[in-house]
Amino acid sequence: MRYGLFLGCNVPAVRPDVERAIRLTMPRLGAELADLEGSVCCPAFGAFPSADETASLAVSAWNFSLAEEKGVELVTQCGSCYSSLRTARKRLLEDAEIREAVDRLLAKAGRVFRGTVVVRHMIDVLYNDIGPERIRGTLDFPLDGMKAVVQYPCHTLFPSEVVGFDTPAGRPHMLRDLVEALGAEVQTYSRELQCCGGAGGFVKGSYAGASEFAFKKLRAMGSETEAELIVVSCITCLEHLDRMQGELGKKGGEGGCPIPVFDYNQVLALCMGFDPAEVASISIMPRDGLIARIRRA
Amino acid sequence: MLDLTNANADLWREITGSCGDIRHCFNCSTCVAGCPAAEGNPPLFIRDLVRKVLLGLEESLLEDETPWLCVTCSACEEMCPMGVHPFEVCLAIRRWQTRNDDTYIPAAVAEIFETGHTQPLDNVREKRRAVGLEEVPPTIARYPELLEKFRDMLRDTDLVKNNEYMFKG
Ligand code: SF4
Ligand code: SF4
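From first to last, the protein sequence lines stand for chains A and B.
Position 272 of the first sequence, counting from 1, maps to 272 under my numbering, and the rest follow consecutively.
Position 124 of the second sequence, counting from 1, maps to 1124 under my numbering, and the rest follow consecutively.
Keep in mind that a hint or two might mislead.
As the list claims (entries may be wrong) - Only pairs whose alpha carbons sit at most 30 Å apart, straight line, appear in this in silico DSBU-like list of lysine-lysine: (1) B:K1161 to B:K1149; (2) A:K251 to A:K204; (3) A:K90 to B:K1127; (4) B:K1149 to A:K216; (5) A:K108 to B:K1127; (6) A:K250 to B:K1127; (7) B:K1161 to A:K147; (8) A:K147 to A:K216; (9) B:K1149 to B:K1168; (10) A:K70 to A:K108; (11) A:K204 to B:K1127; (12) A:K147 to A:K204; (13) A:K250 to A:K216; (14) A:K251 to B:K1149; (15) A:K108 to A:K250; (16) B:K1149 to A:K147; (17) A:K216 to A:K204; (18) B:K1149 to A:K90; (19) B:K1161 to A:K204; (20) A:K147 to A:K70.
Claimed, not checked - Calculated Cβ distances over 10 Å to all of chain B for the following chain A residues: (21) N10; (22) E19; (23) L36; (24) T116; (25) I130; (26) G145; (27) G183; (28) E224.
No lab work stands behind these hints: they were computed from the structure.
Each residue gets a CB set at the ideal place from its N, CA and C atoms; glycine is no exception.
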């Protein structure tokens, strides 16, 4: 199995420890990662897709051409990148007129979009190509006895026709199963299927509304479960829930107890015994206590 | 009574070429019920935006900033019973606003034109080295010659041609 790792903008710049965790864990599971040299912003929905559709699709096609040239499926952890690329691919394959305009633009840059690209999300690859069984067999420090909650990346759920891989679309289970494969018990809470609220322009345009939206989710996790960690698989969920928990903590008593947030590949890396200083070193909520427990230190 | 004297009856054709057929919207509000940004202040009510487009209320739509609150979660896209594709409508309204008022053009497009990315990578070198990664990721950040080609491509788009002042380098 060989994949083109699409990094996007946020992971390499804001959470390089997640990039490191991905680069260490996937090969150990038999998934070789190729770099997509010269990749650019997906483009983010708030950028070109909000300004000029042809330009936007040309940017996506630039990225597609890199994966096609290497003959690899493209895999990304970022939900927004995943959804933006999936949507663009569909549009390019369905609209001949816009495809022609995009082909002309790409030709100027000496690149070609063939239309063969396959865009995958990390959860999809981990679950469907590798599988919980195989993951279970690679762990030095399983999460036995620990309780977790998961946050599904909205961009991997809807619109299911374009981005979906979990079934049924409205009741996903793959991320839960992957966390259970690490040995943890995954508990359910009432706002589990709500998005984190951190993507797009909500936080910038209505900070109070966006924080309250995240607080409701965090309070539900805190009051309805005994979770010791939150597991996500999207850079925006990771950053936003971590940041919002810091904010909630500042508000004191009403917040409940703050629960550390990890990207799935980070927890996997810790369970595999990789160095926490490399794979889980950047966060707002302190994670040291939990990391020590995972490593039985 | 709503004054429709200045309404543009063709507005929906202008905006929603690539979306679902928004004439099928029957105001059910499913798209509002599941929308995170409907809890914003001001709230984003995608149903109302669809209505504005259908009624041709150009002026009101042009000054309405709520489409930019969208979280891009696509819950509305999934749930709309009439195939309106509300999230696509939201993006299409943004593009229409951008075409008619350049102050709507997101700063991120200029950043992407300049560096290929929306996040600066200069101050993260140390951090990347500390976690065992190469200081500059193997994206376009590492390949200036590719960035030149990427910009050449974008220079040929309407967005860049019509707003040259925004795109330097
Ligand atoms: S869900 Fe669809 S039909 Fe219902 S109000 Fe929204 S756009 Fe209209
Ligand atoms: S995609 Fe945007 S408009 Fe639709 S439900 Fe999500 S935030 Fe609301």
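Now for the hints, and whether the structure bears them out:
1. B:K1161 to B:K1149: Distance ~16 Å between K1161 (chain B) and K1149 (chain B) Cα, so the pair holds.
2. A:K251 to A:K204: holds, 20 Å
3. A:K90 to B:K1127: With Cα atoms ~37 Å apart, K90 (chain A) and K1127 (chain B) exceed 30 Å; violated.
4. B:K1149 to A:K216: Violated, at about 46 Å.
5. A:K108 to B:K1127: Roughly 36 Å separates the two Cα atoms, so the pair is violated.
6. A:K250 to B:K1127: Distance of about 27 Å is within 30 Å: holds.
7. B:K1161 to A:K147: violated, 55 Å
8. A:K147 to A:K216: Holds, at roughly 20 Å.
9. B:K1149 to B:K1168: The given pair, whose Cα atoms are some 14 Å apart, holds under the 30 Å limit.
10. A:K70 to A:K108: holds, 20 Å
11. A:K204 to B:K1127: This hinted pair holds, its Cα atoms lying about 26 Å apart.
12. A:K147 to A:K204: Judged against 30 Å, a Cα distance of about 33 Å means the pair is violated.
13. A:K250 to A:K216: With Cα atoms ~15 Å apart, K250 (chain A) and K216 (chain A) stay inside 30 Å; holds.
14. A:K251 to B:K1149: Roughly 49 Å between the alpha carbons, so the hint for K251 (chain A) and K1149 (chain B) is violated.
15. A:K108 to A:K250: Between K108 (chain A) and K250 (chain A) the Cα gap is close to 52 Å, so the pair fails against 30 Å, i.e. violated.
16. B:K1149 to A:K147: Violated, because 50 Å separates the two Cα atoms, which is more than 30 Å.
17. A:K216 to A:K204: holds, 19 Å
18. B:K1149 to A:K90: holds, 25 Å
19. B:K1161 to A:K204: holds, 28 Å
20. A:K147 to A:K70: With Cα atoms ~41 Å apart, K147 (chain A) and K70 (chain A) exceed 30 Å; violated.
21. N10: violated, 6 Å
22. E19: Label violated. Min Cβ-Cβ 6 Å, cutoff 10 Å.
23. L36: violated, 8 Å
24. T116: holds, 20 Å
25. I130: Answer for I130 (chain A): holds, closest chain B Cβ roughly 23 Å.
26. G145: holds, 29 Å
27. G183: holds, 25 Å
28. E224: holds, 20 Å
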